[in-house]
Amino acid sequence: MLHEDVQLLPFTYRVMPQGFLVVNQAGEYLWLSRSDFDRLLSGNRERMGELYYRFKGKHLVVDDDDEELAVEMLATKLRTRKGYLKAFTSLHMIVATLRCNFRCDYCHASSSDRDRADTDMSWDTAKHVVNLIFESPSPAIKIEFQGGEPLLNWDLVEETIRYAEVVNRFAGRNLEFVICTNLTMVTPEMLTFCKKHRVSLSTSLDGPGQLHDLHRKRRDGGSGYETFRKKLDLTREYLGQDGCSALLTVTRDHLNRLPEVVDHYAELGFNGVFLRSLNPYGYAAANLNDLGYSPGEFLVAYKTALDYIIDMNFRGTPFVEYYAALMLQRILTPFATGFVDLQSPSGAGISGVIYDYNGDVYPADEARMLARTGDRKFCMGNVLDNSYEELFHGRLVQDLVHKSCVEVMPGCATCAYQIYCGADPVRYYAESGDVTGSRPDSGFCQKNKGIIDHIFELLLRNDNRLNNLFWAWITSRNLKDMEL
Amino acid sequence: MNDGVINEVKPGVFCVHLAKALYEREAVFAAAYKFREDFFIRIEPVEETHVGIWFEVKRGQAINEMRDGLGEFCNEVLDQQVRMDLDKRFGHLREAIYEQAFRPINGRG
Ligand code: SF4
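In the order they appear, the protein sequences are chains A and X.
Under the numbering used here, the very last position in the first sequence is 484; numbers go up by exactly one each time.
Under the numbering used here, the very last position in the second sequence is 109; numbers go up by exactly one each time.
Next comes chain X alone, as it looks inside the complex (with noise of 0.2 Å):
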């Protein structure tokens, strides 16, 4: 399975390839962070343009069941993605939201 974004490197270790202009550093981690029970992880950029993200497996997965699980990781960078852009959109009122519930009423707490 080398099809430019999921690449076997040998047996057991795969890479998988993400564009830097579509996905952020945070969204990546995040989703590498979901699936460190199952993999051995190694995050590092590739090229100028790509961040190369390896997979080497824990336990005795088969190739099948992993390539399963690296599918499901590219969508979970996806999400994640999505969940960071929609935080830029409403992020800031988060914040406004949460510092005025802990604000003190009327100087009392």
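Isolated chain A (complex conformation) (with noise of 0.2 Å):
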């Protein structure tokens, strides 16, 4: 047997059609043979041979001098990695109301009819809202103002606004203002109003007319889309091109048209689009029959709709997929990636959290929507009656950070991906009835699982010109001016 004389650093691995993916505790990765795997894991200097020097470099061995500096290096990269921690709750989304003009069929917010005006935030409620928020420690605020519509709490979201900034003069935080609307009611003094203090907007495209119009459906009977068109144009007077961003959600009907959205949303002069999948909340889970597919379905549009991003990028339209993106930064880089939907700990609470329209606070979205159809699990209290304390350093909080660690759940312990992945908790919980969740029937863990294997096989062509598009998504660049 042959003597094991150089020590192993923390590594995951996935056995892949490939290889063996070999992934440091800092996530950086390796691909093996099978031979080449099987010497790493004997441990001996000699068996090694040449490859000793790559294991070493990619910190999978150390000499054991070196061992001190070893865990020092890993562990200022895995700081850094999870440098998003440190801010602490920086989104905090305010639900101005949850009347609406539409009753979209996976309409997550479950809204309300446009008189039920019982259902808008007082401004009472929305000036404890904006005092707790400022007692977060968070350098940078942003403020997102959901619905329902919100813009038809107009007076309410405009107040808001004014207040925090009065607020913030003495508090010195980043401030930033977004208002997420189906722009059918936006109006020019709205937008004068926007422009002044820099608030941006974020609305919901589906595709081209019809596509758009099947699920997003007006209250009133009438196409949204014409209307969404004509508003767009105006919010980019007022705000700039850039100044409207858009949000895809995938319903069955899209799943064979992904190729024809992403032209659309070019052609309408978007610079991406993030494929994002139905949550099964609010509506959407209503309608799971109609609108749902599974897992599987997803990924093989995802795919489809991958490449012909790439492909169209190569014929010379510069356009990015957002979670493809976000997934080559964590897998490339070695920066903090915030991104409250896969964070470990989760980032429910700890990085965003949702202020309903009557002040209960959930530690995301969707756990108001599981509030709004009956189950109260995740309400974290009132901003009313408790405190900030009480409301995010409560039992609850503390619950979802603890049981929200990829790096100890059943499934996620052993994954090669736990570095670029994260938890749902309230997900888990709407799926198993469990925020831990259960790995092998997750809807979750199958499409990132997916996605990531996805990413990593196109990683693995080592193709120069799709490397070069890689890192223009990650670096915010133009292909042409990587390839100079």
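In case anyone wonders, no lab produced these hints; they're calculated from the structure.
Possibly wrong hints are sitting among the right ones.
Stated by the list, open to error - A short, non-exhaustive set of chain A residues, derived as facing chain X with CB atoms under 7 Å:
no.	residue
1	L78
2	R79
3	G83
4	P410
5	T414
6	D441
Claimed, not checked - Below, simulated DSS-like cross-link-like pairs (lysine-lysine); rule was C-alpha separation at most 27 Å, straight line:
no.	chain 1	residue 1	chain 2	residue 2
7	A	K403	X	K88
8	A	K403	X	K34
9	A	K447	X	K34
10	A	K127	A	K196
11	A	K82	X	K88
12	A	K377	A	K403
13	A	K449	X	K34
14	A	K56	X	K88
15	A	K82	A	K449
16	A	K58	A	K82
17	A	K403	A	K77
18	A	K447	A	K303
19	A	K449	X	K58
Quick reminder that beta carbons are idealized off the backbone N, C-alpha and C, glycines included.
Make the complex out of the two chains shown on their own, each in a separate frame, by following the hints.
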């Protein structure tokens, strides 16, 4: 038996048809053949041969004398990657009203009729919310107005923004505002205000006319798309081309039409798309049979669309798929990439939080949806009754943090993708009735694993042009500049 | 298919026998966890030296599919054991890395 004379450093691995993907504690990876993997496991310097230097370079092995230094280096890299934890809650979503002029088939918010003014947030509640937001230690604060359609409670949105700006004169945070709107009710006066107060808009776009209107339904029965187009132009007149981003919800009807959706996004001048799968909440859960699909079906559609986007870039149209870009950044760079839906521990409560119209506080929008269907498990408390400490340092948030660390979660603890992935305890609870979830039958896990597998397959091609494109996405540059 | 490791107990129910000297409890549990979507699983010691893992099919899989599944289970236990053995070799360093990564810098956090 060979003598083990080299210390292995912690790593995880995944057996793939192409070989062994070995990922170190800091997220750096190496592809190995079976025999080279055996050499690594041998822990024997002589058996490793020349490979020893590659292993060492990737922090997979270390000489006895360098152990302390290697631990320090990996710890620094890990600390950098987890940097988002230091800031604490920076994304604060405010539900200005549940009222909406639309009733979309998949609406998470399970919106209410236009005349239900009792589902508007009151000024007193909004003031309490803003005061609470500024108790967060985060140096950057993003306030995002949601609904329903927040523009239906415009006076409150305006007042809240003005008030937050006044508070921030003393707090000195990096303050940002976003309004999530279907755009159809936006007016020049509102846009003038947004411009003056540097508020950006985020809207929904599900594809060309017919596809956009298919599940995004106006309560008055008309087509939303035509108005949307006019209002998008108007918005850009005031806020510029990038003043309004758009979000796609992929339903069953989109699966075979994603390239068409991508073309439409590009045609309307958007720089990219986030191919976002449907979440099982709100109306979407009730309409799952008509709207839903399996993770496998989503992955097939996702890969086809990603290939299409890649090709489109090669044909000269710069366009980004944002989820792939996020994953690439996690795989290829050592930096922290905060994304509340995919963090370990989960971003629920500690990175993002949502204040319902009545002041109830939830760690995630999905938790609010569950409450709407009668399950208040994730209600952290209410801004009118509870202090910042009670809300953010309470049992609920602590429990979510403890139970959403992929490093120790069953199934995730040995997964090679844990450093790129994250946990979504609310989603797990909705799927399995338990916040820790069950990885073998979790759609969340299957989707993420499938996407990361595909990205590694693309990276393994070692295609210069493709790699340049990926770096262009990561660094927000143009492919042409990368090729110079 | 009764080869001493994978035994058909009755139609649709199989038992896998594994030697305790080769596989640890955690490796067996971690592997079984991955198969809980397809099978009802029961784990019990059978003798001093062996552990038995009973698999009952959840959906109407064909016996052939089930055999493949159990073959995969045996590979999975092996894989989990390799991961556990590795953890014994570098787990202390993983802990040291995490401890250091989350240690306050100059007491500032
Ligand atoms: S959710 Fe799935 S892909 Fe993500 S770390 Fe856990 S096991 Fe891996």
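The hints, checked one at a time:
no., hint, result
1, L78, "4 Å, holds"
2, R79, "4 Å, holds"
3, G83, "10 Å, violated"
4, P410, "6 Å, holds"
5, T414, "5 Å, holds"
6, D441, "4 Å, holds"
7, A:K403 with X:K88, "24 Å, holds"
8, A:K403 with X:K34, "19 Å, holds"
9, A:K447 with X:K34, "16 Å, holds"
10, A:K127 with A:K196, "21 Å, holds"
11, A:K82 with X:K88, "25 Å, holds"
12, A:K377 with A:K403, "15 Å, holds"
13, A:K449 with X:K34, "14 Å, holds"
14, A:K56 with X:K88, "20 Å, holds"
15, A:K82 with A:K449, "20 Å, holds"
16, A:K58 with A:K82, "20 Å, holds"
17, A:K403 with A:K77, "24 Å, holds"
18, A:K447 with A:K303, "11 Å, holds"
19, A:K449 with X:K58, "24 Å, holds"
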